[in-house]
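K.L.:
Sequence:
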Amino acid sequence: MVTKKTEKKIPSDIEIAQEAKMQPIGEIAARLGLEEEDLELFGKYKAKISPGVWERIQSRPDGRLILVTAISPTPAGEGKSTVTVGLGQGLNRIGKRATVALREPSLGPSMGIKGGAAGGGYSQVLPMEDINLHFTGDFHAITSAHNAISAVIDNHIHQGNSLGIDPRRILWKRVLDLNDRALRHIVVGLGGKAHGMPREDGFDITVASELMAILCLAQDLEDLKERISRILVAYRFDGSPVTVADLGVQGAAALLLKDAIRPNLVQTLENTPAFVHGGPFANIAHGCNSLIATRHALKLSEYTVTEAGFGADLGAEKFLHIKSRIGGLRPDVAVVVATVRALKMHGGMAKKDLQTPHLTALRQGLPNLERHLETIRNFGLAHVVAINRFPTDTEEELDLIRQWCEEREMPVSLTEVWEHGGAGGEDLAEKVVRLAEAGSSRLQFQYDLDQPIRTKIAAIARQVYGADGVEYSPQAEKQIGEIEANGWDQLPICMAKTQYSLSDDPASLGRPEHFTLHVRELRPSVGAGFLVALTGNMLTMPGLPKKPAALGMDVDAAGRVSGLF
1 MVTKKTEKKI PSDIEIAQEA KMQPIGEIAA RLGLEEEDLE LFGKYKAKIS
51 PGVWERIQSR PDGRLILVTA ISPTPAGEGK STVTVGLGQG LNRIGKRATV
101 ALREPSLGPS MGIKGGAAGG GYSQVLPMED INLHFTGDFH AITSAHNAIS
151 AVIDNHIHQG NSLGIDPRRI LWKRVLDLND RALRHIVVGL GGKAHGMPRE
201 DGFDITVASE LMAILCLAQD LEDLKERISR ILVAYRFDGS PVTVADLGVQ
251 GAAALLLKDA IRPNLVQTLE NTPAFVHGGP FANIAHGCNS LIATRHALKL
301 SEYTVTEAGF GADLGAEKFL HIKSRIGGLR PDVAVVVATV RALKMHGGMA
351 KKDLQTPHLT ALRQGLPNLE RHLETIRNFG LAHVVAINRF PTDTEEELDL
401 IRQWCEEREM PVSLTEVWEH GGAGGEDLAE KVVRLAEAGS SRLQFQYDLD
451 QPIRTKIAAI ARQVYGADGV EYSPQAEKQI GEIEANGWDQ LPICMAKTQY
501 SLSDDPASLG RPEHFTLHVR ELRPSVGAGF LVALTGNMLT MPGLPKKPAA
551 LGMDVDAAGR VSGLF
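Going letter by letter, the sequence shown gives residues 1 to 565 in the numbering used here.
These aren't lab readings, by the way, just hints derived from the structure by calculation.
Hints are supplied without guarantee of correctness; some may be wrong.
Said to hold, decoys possible - Within a straight-line C-alpha distance of at most 27 Å, the following computed DSSO-like cross-link-like pairs (lysine-lysine) qualify:
#, residue 1, residue 2
1, Lys258, Lys9
2, Lys299, Lys258
3, Lys351, Lys9
4, Lys96, Lys431
5, Lys299, Lys431
6, Lys299, Lys225
7, Lys9, Lys547
8, Lys44, Lys351
9, Lys96, Lys21
10, Lys299, Lys96
11, Lys225, Lys258
What the hints assert, rightly or not - Restraint ranges, calculated between C-beta atoms of paired labels, are given here:
#, residue 1, residue 2, range
12, Ala148, Gly191, 17 to 23 Å
13, Ala485, Arg442, 34 to 40 Å
14, Pro548, Asp238, 44 to 50 Å
15, Asp220, Gly563, 36 to 42 Å
16, Asp554, Gly26, 28 to 34 Å
17, Pro452, Arg184, 27 to 33 Å
18, Arg168, Leu359, 54 to 60 Å
Since we're looking at a predicted model, the values are computed, not measured.
Glycine included, every Cβ here is placed at the ideal spot set by N, Cα and C.
The task is simple: from the sequences and hints, build the whole structure.
P.N.:
See the structure below:
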């Protein structure tokens, strides 16, 4: 007989957030040893960190870095941000000075299907409404800077095109921080000679902008401007590349980002300090919060808990191959989040039935967890499985996962941070501390930067996804030649791939075998410092579902928000 846990009525995320007792951000900053002059305030509960702080703390030793990743998720997500926040709170509860470092949510998924990225239940970052909406304006700044470059490109062509830009080979699209499929492919410049030259164009979502990646990987404002100058925006008629530096607009773009590059400080529901800064998606970008925020947290805390988007095949792989390389980061422990519902989905259950107990489906889904654990092990990181408990999970289902882990001598923790906050993460915190103090992690990259592009992509496909090989479209083959001819082939790879499967087919669940990865396009993100390989039918501008979350959102006459999650 399968028994369910006795359910207790827990308020919605937004109801919990609205009842929370926040501390003034100055008090949160004081926990990190920061003074009032170190902050640029955005009201009572949000602040940006002043540039002078880094000059003062950069020579300090780093604290320990904990990377939170996950198995392949369901469309609703598996609570990775919730576990990150809960673990940070749990570490503080057991006497460690811990800080969390998260990405900023995009309005696209917030108003689409997945919701925000501020955690959930009693493990949230606050103020939740602000973070999930406009926050400190960072995404708006990136959108404005990106589209300013777009405007300059079209104006340059209109004004005589002295650079010889081929309008058929403009790579720099426009961006918007919303899901809007109607803008994926558009025509601009209609209406006659006075309105510019007609050409095909399109929109990406803001989090897919190279400027977002640059903001999250830049060391400082000067590095930001230098990276912007290297952005490839188009090719000339003679096939040579055109950069932002050629257009002379890198200064203006950096100016629009001068405040956005400063990390944001907020707090969790239990008043743990939290850096929330930057927000590239992990399925179409590199999926990590800003390097600047992570570095500040490492210098100001004993433990920094950060997350990388989606599963270990996406965010964690890119954290390790891209962010760690650029920033010199070496995670001490990886936490792999797993849920009963996702494992049952990977075992063949329909999404509509995931709340129904089913041990057979759960057992059949465990190979997905096994593949992700192998990936983390191949990178040389100490790791622990965190079972993120949902109210519909049964004791028998949870015991099955624990037993599976114990049979493989895998550290595992039942994590109840959604319901109990930091108290529900104390066991996980204790296990993380033991692993971190053991010092067994030795980061091992899966490819070298000087290897050929195809070799690097094959390493990810085989060693992370489990593919037999890689197939390239004729367009991708041609682009590889161009990249090599321009000397960009020494850059790391940023794979754009569905988050729902280890393969490039979102319908291929569990642990796919004997499959070929299909690379249809390669885009040089020279400013960010990586090459984007687009696989399958991966889109850089998502669409809204049939019933977007936005339909349930509202605000009353007093300004009280409802329906946000």
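K.L.:
Could you work out which earlier hints the structure fails to respect and list their numbers in ascending sequence?
P.N.:
Hints 1, 8 contradicted; others consistent.
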